[in-house]
Amino acid sequence: MKPVIEVKDLTKRYPQSKSNAVDCISFDVHQGEFFALLGPNGAGKTTTISVLTTTLIATSGTVRVCGYDVDTDPSGVRRNSGIIFQNRSLDENLTAEENIRLHAILYGMYGFRPTFGTMPTDYKHRVEELASVLGIEAEIHNPINTFSGGMKRKLEIIRGLIHSPKVLFLDEPTTGLDPESRRNLWEYLSDAQQRNGVTVFLTTHYLEEVNNADKICIIDRGKIVSLGSPDEVKSDLAGAYLVVDCNERSSLIEELDSLGVKYEVNRRIKIQVTPSEVHKILRNIETPLSNVETQDATLEDAYLKIIGEDSWS
Amino acid sequence: MELSAVVALAYRDLMKLIRDPIRLVTSLIFPVIFIGILGGSFQSGFGSMIDYDFMHFVFVGVLAQTLFQSSALGIISLIEDRQNDFIQEVFVSPISRYTIVIGKIIGESLVSLIQGIAILGFGVVIGIPFNISIVLSLVVVSVIVCVFGGSFGILVLSNLKSQRIANQIFPFIMLPQIFLSGVFTPIGDLPIVLDVLSRLSPMRYAVDLARGIYYAGKTEYDSVVLVDPTVNLVIIFGLFSTFVILGTWLFVRNERK
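Chains as they are written, first to last, in this note's numbering: chain A, 1 to 313; chain B, 1 to 257.
These are computed hints drawn from the structure, not numbers from a lab.
Some hints could be false.
In silico EDC-like cross-links for lysine to aspartate or glutamate, where the CA-CA straight-line distance does not exceed 16 Å [stated by the list, open to error]:
1. B:K16 - A:D71
2. B:K16 - B:E80
3. B:K257 - A:E293
4. A:K270 - A:E293
Excised from the complex, chain A in its bound form (with noise of 0.2 Å):
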């Protein structure tokens, strides 16, 4: 089956700029998939979904969406997509019910209609529907600036399934949000993504949000670090560790030092090795140790590893 999102060679550099924001990377999605993107700040997550959801021009490379090329056929691809931008894209002169009619008739859905009261009989239920869902019966005709930063962020991902796109983005979605209304988010989307099978684009620099994703892309000035699994990714980047103690540290790090090892002192000492490591590395350590542990890296290692490199000495 062919991908929903094929990314190949994306470059994009911005002009006046040194060096590119994006740095030939490529990657598919496939139908009905969790995708997280994730990197820190300035890696070029927003930068990667801005061309993918064609408000911004690759500098070179391919990308198609559900088969329709973003650069020849720039409205295929938005007929087919839903997107959550990392700002609020709501009106806030409008209610939420005019946000969401806005939205269903500038994708063809609807004929305009001036009120509510106007619009065809299956729109009034699938907004009364959503209301519901939402628990906002009373405020759908109420303006959006009365709402919760989280009910905003609710509304922004209803508008953007109304059209039954087959692929949801969703650029750094919790920003700002405190973390019972990031949890409450998830769960919904996480509910929504089911019913409507719908496949999801993520990017976004906390972790925990990408622990349910098919595939995680970990990027980093541009350019892919790893990409697979979530399994892959912690096996691909951190390994494991061996975390070792004894009563005489000084020695210890000396030893380590002189091995060359990559380590980390905490509460105990935290080796990075590969698992065909573990007995070598044992072996050559002469300082008698009080404790001995082997670990396998989580996705936090993986992640820190590549935006704190500096962390290991």
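With chain A held as given, fit chain B onto it using these hints.
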């Protein structure tokens, strides 16, 4: 679909105005000052030297200038939308870019028209002579002037990056045009340099078209009107098409850079 989208976008602008009545009231302050104070003082100072009523002359000029300027300024809200990101929602929808621009021009024109009707009402109050056919003709001209002003706004603002820059630049583009277009004073006999600049000012054709219609059949016509309204209409249509095509192209290009 495209037509519905145009109407929906225009309706959105109208709703914004209806929900913000203070904006309508404040937008009437300057036309009232221009007509009442400038028109009145010019008439009492120079009225005896000319063969037409200065108050009427200034009234029609200010009506056209206000509609042109208000529509152009209204397009500024496209920059505001771009900054608060509402426009992204519109730009990622499958409608044509021209639909977005036309919807915006029509929306701002409707907003300006409401302002224009209020100015006409003010004209009645201060005793500007109207009859039904002049009022209807002026309403038609007002629609043309508003749409023309909106297209000018698109061209100017297509290259501006922020509301702040737009606010700084707009007076430099609008103020000279107000004087070069003969809103307050006759421009039939300008020095060559000012005459060239005047002919380069789009507002000139809007003001002269409005006067051509208001003074049609009146004895003052030859003293006040520069060229036949048909000529103004042709020029306005040419400039409108150029502004919309070029403005939209520049706006979209900058949007996706």
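Going down the list of hints, with the structure as the test:
no.: 1; hint: B:K16 - A:D71; result: violated, 34 Å
no.: 2; hint: B:K16 - B:E80; result: holds, 13 Å
no.: 3; hint: B:K257 - A:E293; result: violated, 52 Å
no.: 4; hint: A:K270 - A:E293; result: holds, 9 Å
Checked against the numbered hints above, the structure violates hints 1, 3; every other hint is satisfied.
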